[in-house]
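For the protein sequence lines, the chains are A, B and C, in the order given.
Residues 0 to 178 (numbering that gives the first Met the number 0) are what the first sequence spells out, left to right.
Residues 0 to 658 (numbering that gives the first Met the number 0) are what the second sequence spells out, left to right.
Residues 0 to 154 (numbering that gives the first Met the number 0) are what the third sequence spells out, left to right.
Errors might be hidden in some of the hints.
Listed below are the simulated DSSO-like cross-link pairs for lysine-lysine, each with C-alpha atoms no more than 27 Å apart in a straight line [as the list claims (entries may be wrong)]:
no. : chain 1 : residue 1 : chain 2 : residue 2
1   : A       : K174      : A       : K104
2   : A       : K40       : A       : K174
3   : B       : K413      : B       : K336
4   : A       : K53       : A       : K104
5   : B       : K541      : B       : K559
6   : A       : K174      : A       : K53
7   : B       : K604      : A       : K102
8   : A       : K147      : A       : K40
9   : B       : K381      : C       : K95
10  : A       : K104      : B       : K604
11  : B       : K336      : B       : K266
12  : B       : K381      : A       : K40
13  : B       : K541      : B       : K604
14  : A       : K102      : A       : K40
15  : A       : K64       : A       : K40
16  : A       : K53       : A       : K102
17  : C       : K95       : A       : K40
18  : B       : K336      : C       : K148
Derived from the structure by calculation, the hints contain no laboratory data.
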Amino acid sequence: MARRLLYLLPAALFVVLAGYFAIALTSGRDPSLLPSALIDKPAPDFTLAGFDGKEGLSRSALQGKVAVINFFASWCVPCRSEEPLLMRLAEEEHVPLYGIAYKDKPENARRYLDQLGDPYRGVGLDQSGTTAINFGVYGVPETYLIDKQGHIRFRFVGPLTAEAVERELLPRIRKLEGS
Amino acid sequence: MIVEIGHYALILALCLAVLQSTVPLFGAARRNMAWMTLAQSTAVTQFVLIAVAFGALINAYVTSDFSVANVYENSSTLKPLLYKVTGVWGNHEGSMILWVFILSLFGAAVALFGVNLPPALRARVLAVQGMIGTGFLLFILLTSDPFRRLVPAPLQGEGLNPVLQDPGLAFHPPFLYLGYVGFSIAFSFAVAALIEGRVDAAWARWVRPWTLAAWCTLTVGIAMGSWWSYYTLGWGGWWFWDPVENASFMPWLVGTALLHSAIVVEKRDALKSWTILLAIITFSLSLVGTFLVRSGVLTSVHAFALSPGRGDFILALLLVAIGGSLGLYAWRAPQLKGGGIFAPISREGALVLNNLLLCTGCATVFLGTLYPLFSEDLGGPKLSVGFPFFNRTFVPLMVPMLMAVAVGPMLAWKRGDLRGALQRLWLAAAGTLLALLVAFYVTHGGPVLAVLGLGLAAWVFLGVVIEWTDRIRLGRTPLAETWRRARTMPRAAHGMTLAHLGLAITVAGITASAWQQERIDVVHPGGDLTVAGYVFHLDDVKTIPSPDFTAERADITVRKGNDIIAVMHPEKRSFAQQGATTSVTAIHTNLLADLYAALGDSDGKGGWTLRLYWKPLVPWIWIGAVFMAAGGIISLSDRRWRVGIAARARAPRGAQPAE
Amino acid sequence: MSRLALIALCLLALMSAARAVEPSERLRDPALEARARAISQELRCVVCQNETIDESGADIAHDLRVLLRQRLLAGDTDQQAINYIVARYGQFVLLKPRFEPATYVLWFGPPVLLALAALAIAVNLRRRRNRGEAGPAPLDPAERQRLAKLLAEDG
Numbered sequence: 000m001a002r003r004l005l006y007l008l009p010a011a012l013f014v015v016l017a018g019y020f021a022i023a024l025t026s027g028r029d030p031s032l033l034p035s036a037l038i039d040k041p042a043p044d045f046t047l048a049g050f051d052g053k054e055g056l057s058r059s060a061l062q063g064k065v066a067v068i069n070f071f072a073s074w075c076v077p078c079r080s081e082e083p084l085l086m087r088l089a090e091e092e093h094v095p096l097y098g099i100a101y102k103d104k105p106e107n108a109r110r111y112l113d114q115l116g117d118p119y120r121g122v123g124l125d126q127s128g129t130t131a132i133n134f135g136v137y138g139v140p141e142t143y144l145i146d147k148q149g150h151i152r153f154r155f156v157g158p159l160t161a162e163a164v165e166r167e168l169l170p171r172i173r174k175l176e177g178s
Numbered sequence: 000m001i002v003e004i005g006h007y008a009l010i011l012a013l014c015l016a017v018l019q020s021t022v023p024l025f026g027a028a029r030r031n032m033a034w035m036t037l038a039q040s041t042a043v044t045q046f047v048l049i050a051v052a053f054g055a056l057i058n059a060y061v062t063s064d065f066s067v068a069n070v071y072e073n074s075s076t077l078k079p080l081l082y083k084v085t086g087v088w089g090n091h092e093g094s095m096i097l098w099v100f101i102l103s104l105f106g107a108a109v110a111l112f113g114v115n116l117p118p119a120l121r122a123r124v125l126a127v128q129g130m131i132g133t134g135f136l137l138f139i140l141l142t143s144d145p146f147r148r149l150v151p152a153p154l155q156g157e158g159l160n161p162v163l164q165d166p167g168l169a170f171h172p173p174f175l176y177l178g179y180v181g182f183s184i185a186f187s188f189a190v191a192a193l194i195e196g197r198v199d200a201a202w203a204r205w206v207r208p209w210t211l212a213a214w215c216t217l218t219v220g221i222a223m224g225s226w227w228s229y230y231t232l233g234w235g236g237w238w239f240w241d242p243v244e245n246a247s248f249m250p251w252l253v254g255t256a257l258l259h260s261a262i263v264v265e266k267r268d269a270l271k272s273w274t275i276l277l278a279i280i281t282f283s284l285s286l287v288g289t290f291l292v293r294s295g296v297l298t299s300v301h302a303f304a305l306s307p308g309r310g311d312f313i314l315a316l317l318l319v320a321i322g323g324s325l326g327l328y329a330w331r332a333p334q335l336k337g338g339g340i341f342a343p344i345s346r347e348g349a350l351v352l353n354n355l356l357l358c359t360g361c362a363t364v365f366l367g368t369l370y371p372l373f374s375e376d377l378g379g380p381k382l383s384v385g386f387p388f389f390n391r392t393f394v395p396l397m398v399p400m401l402m403a404v405a406v407g408p409m410l411a412w413k414r415g416d417l418r419g420a421l422q423r424l425w426l427a428a429a430g431t432l433l434a435l436l437v438a439f440y441v442t443h444g445g446p447v448l449a450v451l452g453l454g455l456a457a458w459v460f461l462g463v464v465i466e467w468t469d470r471i472r473l474g475r476t477p478l479a480e481t482w483r484r485a486r487t488m489p490r491a492a493h494g495m496t497l498a499h500l501g502l503a504i505t506v507a508g509i510t511a512s513a514w515q516q517e518r519i520d521v522v523h524p525g526g527d528l529t530v531a532g533y534v535f536h537l538d539d540v541k542t543i544p545s546p547d548f549t550a551e552r553a554d555i556t557v558r559k560g561n562d563i564i565a566v567m568h569p570e571k572r573s574f575a576q577q578g579a580t581t582s583v584t585a586i587h588t589n590l591l592a593d594l595y596a597a598l599g600d601s602d603g604k605g606g607w608t609l610r611l612y613w614k615p616l617v618p619w620i621w622i623g624a625v626f627m628a629a630g631g632i633i634s635l636s637d638r639r640w641r642v643g644i645a646a647r648a649r650a651p652r653g654a655q656p657a658e
Numbered sequence: 000m001s002r003l004a005l006i007a008l009c010l011l012a013l014m015s016a017a018r019a020v021e022p023s024e025r026l027r028d029p030a031l032e033a034r035a036r037a038i039s040q041e042l043r044c045v046v047c048q049n050e051t052i053d054e055s056g057a058d059i060a061h062d063l064r065v066l067l068r069q070r071l072l073a074g075d076t077d078q079q080a081i082n083y084i085v086a087r088y089g090q091f092v093l094l095k096p097r098f099e100p101a102t103y104v105l106w107f108g109p110p111v112l113l114a115l116a117a118l119a120i121a122v123n124l125r126r127r128r129n130r131g132e133a134g135p136a137p138l139d140p141a142e143r144q145r146l147a148k149l150l151a152e153d154g
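Make a model of the complete structure from these sequences and hints.
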């Protein structure tokens with residue numbers, strides 16, 4: 000009898016394997032996306048200069064507010080595709096958007112925002128990319144949701160889509176702002 | 000029009016596959032000869048039809064027919080003809096056509112050349128092939144149709160990726176698929192045997208040539224892929240434990256185990272249910288590999304672009320094919336009567352050890368490849384498993400196996416004399432010790448593990464040579480007798496010797512990478528860089544315009560002492576249209592070591608970064624693979640696979656094997 | 000869309016491996032540089048599948064190589080430097096998974112499998128020897144007659 004069961008083992012193991020595959024398929028995960036290592040952890044501290052020596056962006060300035068930080072760059076092609084959406088979010092939904100220009104020359108970033116519209120309440124220039132590394136950024140665009148206590152609650156990699164905004168970002172913002 | 004013919008041919012092939020999956024099975028059960036022989040006609044016709052479809056697709060590429068969506072996405076009028084053709088299988092849909100083409104090729108081969116098989120077995124084997132074909136043809140027609148039209152037809156295609164225009168890259172898929180898909184025959188034989196309810200020595204003998212053929216081509220395919228990485232990627236890496244590489248390596252490991260355990264079935268009628276299981280698992284691993292590459296659950300540079308439904312379909316295919324066959328195994332295998340017993344120390348014992356280590360090795364690779372998926376599925380962190388894991392787990396498993404390669408063939412069947420075998424190998428042991436000392440001295444006491452690895456390779460090499468000389472009684476009998484023995488020895492024995500030698504050579508090549516030396520530095524024209532005693536003199540870096548790209552080409556003269564060893568021209572090519580930069584490395588080999596040069600960036604001040612490597616014994620990795628494949632081919636040509644069963648064919652027609 | 004971009008970036012980086020660890024990044028102290036090279040060879044480039052940051056030509060790999068060397072210069076031990084990067088990018092950057100409960104199955108798997116399989120084989124062999132299976136069962140009289148007849152026919 001035990002011998003009979005032993006013959007069943009390969010089939011049984013395969014069923015378990017198929018189960019894992021099915022879970023992976025149906026989860027709709029994108030395996031190339033890296034989950035953030037900083038979820039629910041405090042956002043890294045940063046103080047970044049702004050355009051023309053004007054006020055830039057710093058973490059302390061965001062304390063006590065819900066903030067959505069968007070890493071962008073003028074040389075980043077996908078960033079352009081999310082610009083209209085960001086503008087809509089800023090103007091219609093009043094999402095508190097802040098931008099960090101990643102490895103961008105100030106003039107280029109300025110021109111980019113002039114051309115496509117500036118949805119940000121504040122912009123910081125991260126020319127060295129150090130702040131981005133501290134956030135765990137590995138490509139642009141990336142968007143981070145920070146709560147009032149300064150913890151990172153959500154990260155979206157890649158250009159935002161209307162669907163992602165509706166399903167993931169806006170509900171979370173509302174929850175955080177409500178609390 | 001031709002495209003539509005191709006499309007229609009595929010649909011017809013599907014109908015034939017369905018026929019082939021069902022009628023011959025009933026025929027075998029009812030002993031209806033007509034129904035059984037139907038399998039042969041359907042198999043051959045299916046092959047012809049799929050060949051027509053394949054031809055139609057190739058034609059569309061060659062004529063740059065951009066009204067076919069697949070051609071538009073993957074080709075361009077600017078591609079050279081060779082790459083237009085090889086581009087056919089460089090994408091998901093086209094490669095699936097190649098897949099079923101090879102599947103039907105093997106099916107037709109069994110139909111045409113398997114005349115010595117008992118009709119019922121042949122009918123069942125072809126029926127199972129037909130089932131696999133049905134599954135994949137359905138997959139193609141429903142989710143991955145390469146004949147989709149685009150209206151209106153664009154004027155130019157999108158597929159001018161310079162990375163893909165390379166001979167090594169272009170040709171390694173066919174070899175790989177011949178291997179992957181070729182193991183389907185072993186699978187079909189196994190399932191047919193389970194349906195019949197018997198496995199005997201004859202079965203093992205029939206299955207071997209097909210398994211060998213698949214194994215040979217898979218060896219070549221993997222070696223080609225590895226070689227391509229080596230000369231393309233700019234730092235001379237040749238194996239990355241990438242999921243897709245592993246997906247081809249796992250069937251190879253289990254396929255090797257299968258080849259060896261089938262010997263035991265044939266010679267001693269033992270290990271039957273285990274061999275059946277191995278035959279099922281080998282092809283199952285090919286199927287799982289197909290799933291991993293095309294479903295999108297794992298990413299890899301190799302992975303094809305995908306769309307949702309495909310992964311689900313392939314998973315369903317897996318459930319039916321693997322779940323079905325393993326279920327059949329659970330049900331029928333216990334009825335297979337066990338065969339001869341043997342002592343643990345014996346040729347069978349050595350082959351069991353071989354199987355144990357190869358299969359555990361495969362399980363290790365499997366675990367490492369899929370662990371990130373398991374972990375994430377269970378809500379754990381996103382992990383990655385890379386070469387440090389495989390080096391620490393897989394390599395130690397291979398060490399005892401390699402040690403056994405020299406000893407195993409020296410043991411007798413049923414009960415072997417280990418002491419006697421080891422005594423006969425004293426010369427090999429002495430040679431190994433010598434090799435160890437030499438290696439230690441030459442490499443100035445380099446990484447100990449590498450020295451041991453080289454010693455292991457020497458042990459295998461010398462042990463194999465001794466076994467061979469032993470068998471032909473070299474030095475113990477007159478030369479004429481030795482020569483006679485060598486000539487009349489079955490080819491399979493020569494093949495084994497050659498293949499094992501190849502293994503030793505490859506192992507030596509792999510271990511020697513521990514001693515590579517590199518030099519990465521900025522150099523101005525006129526300057527020198529020295530690596531391992533070779534002086535690389537950068538003569539100049541010229542800009543060479545070309546219709547499709549701009550190349551920066553370095554002229555490097557390599558000297559050792561006062562002799563000019565080589566002139567090397569590594570390049571950096573910028574493809575303005577695609578915005579891509581590729582590097583063309585320059586490799587100079589003397590078959591004992593490679594000099595490897597890659598051109599880096601300019602520092603803007605007239606200096607250039609050069610990456611220079613001296614890689615000892617690296618060519619042996621691929622030379623060894625060639626030896627292994629050659630050994631397999633020689634084994635294939637052994638007369639015993641073709642003759643020996645002729646007597647059976649003389650049996651009265653319509654006779655059925657005893658159930 | 001971002002996936003396509005990532006793949007394109009990856010292919011690009013693969014081909015421009017000529018930009019992997021650059022002379023300008025190298026530290027002056029050979030011991031530190033050797034440590035940096037050794038560590039970078041065990042860190043995964045997060046953008047490119049299956050490349051170490053030592054090999055990859057991607058921008059982020061360059062940044063991480065520079066960062067690693069900065070940490071070593073600042074006096075971090077190997078482990079501290081690695082933890083610094085892992086804190087930001089997660090365990091995914093480790094090519095050698097940590098040895099912890101989440102990975103016990105991974106690390107113990109192969110030796111356990113080997114042991115179990117060897118055990119199964121040993122048990123099976125012993126059982127078969129004890130049962131004295133010596134091969135196919137001998138022919139019974141009826142079968143022997145059939146055999147004689149067939150052999151006579153075959154001539």
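Comparing the hints with the structure gives:
1. Between A:K174 and A:K104 the CA atoms are separated by roughly 36 Å; this puts the pair beyond 27 Å, and the hint is violated.
2. Of the supplied pair hints, the one linking A:K40 and A:K174 holds, its CA atoms being roughly 18 Å apart against a limit of 27 Å.
3. Pair hint B:K413 plus B:K336 holds up; C-alpha atoms about 18 Å apart against a cutoff of 27 Å.
4. Restraint check: the Cα-Cα separation between A:K53 and A:K104 comes to about 15 Å, which is no more than 27 Å; the hinted pair holds.
5. Restraint check: the Cα-Cα separation between B:K541 and B:K559 comes to about 24 Å, which is no more than 27 Å; the hinted pair holds.
6. For the proposed pair A:K174 and A:K53, the alpha carbon gap of about 33 Å is over 27 Å, so the pair is violated.
7. A hinted pair counts as satisfied when its Cα atoms are at most 27 Å apart, and B:K604 with A:K102 qualifies at roughly 23 Å.
8. Restraint check for A:K147 and A:K40: the C-alpha separation of about 13 Å stays at or below 27 Å, so the hint holds.
9. With a CA separation close to 13 Å, the supplied pair B:K381 and C:K95 stays within the 27 Å bound.
10. Taking the CA atoms of A:K104 and B:K604, the gap is near 23 Å; set against the 27 Å cutoff, the hint holds.
11. With a C-alpha separation of about 15 Å, the suggested pair B:K336 and B:K266 falls inside the 27 Å cut-off, and the hint holds.
12. Between B:K381 and A:K40 the CA atoms are separated by roughly 17 Å; this keeps the pair inside 27 Å, and the hint holds.
13. Note on B:K541 and B:K604: the hinted pairing holds, with a Cα-Cα distance of about 15 Å set against a maximum of 27 Å.
14. Simply put, A:K102 and A:K40 have alpha-carbon atoms about 25 Å apart, close enough for the 27 Å limit, and the pair holds.
15. Our distance criterion of 27 Å between C-alpha atoms is met by A:K64 and A:K40, whose separation comes to about 16 Å.
16. Between A:K53 and A:K102 the CA atoms are separated by roughly 18 Å; this keeps the pair inside 27 Å, and the hint holds.
17. Of the pairs offered as hints, the one joining C:K95 and A:K40 holds, with about 25 Å between alpha carbons and a cut-off of 27 Å not exceeded.
18. Between B:K336 and C:K148, the direct Cα distance comes to roughly 26 Å. Compliance with the 27 Å bound is thereby established for this hinted pair.
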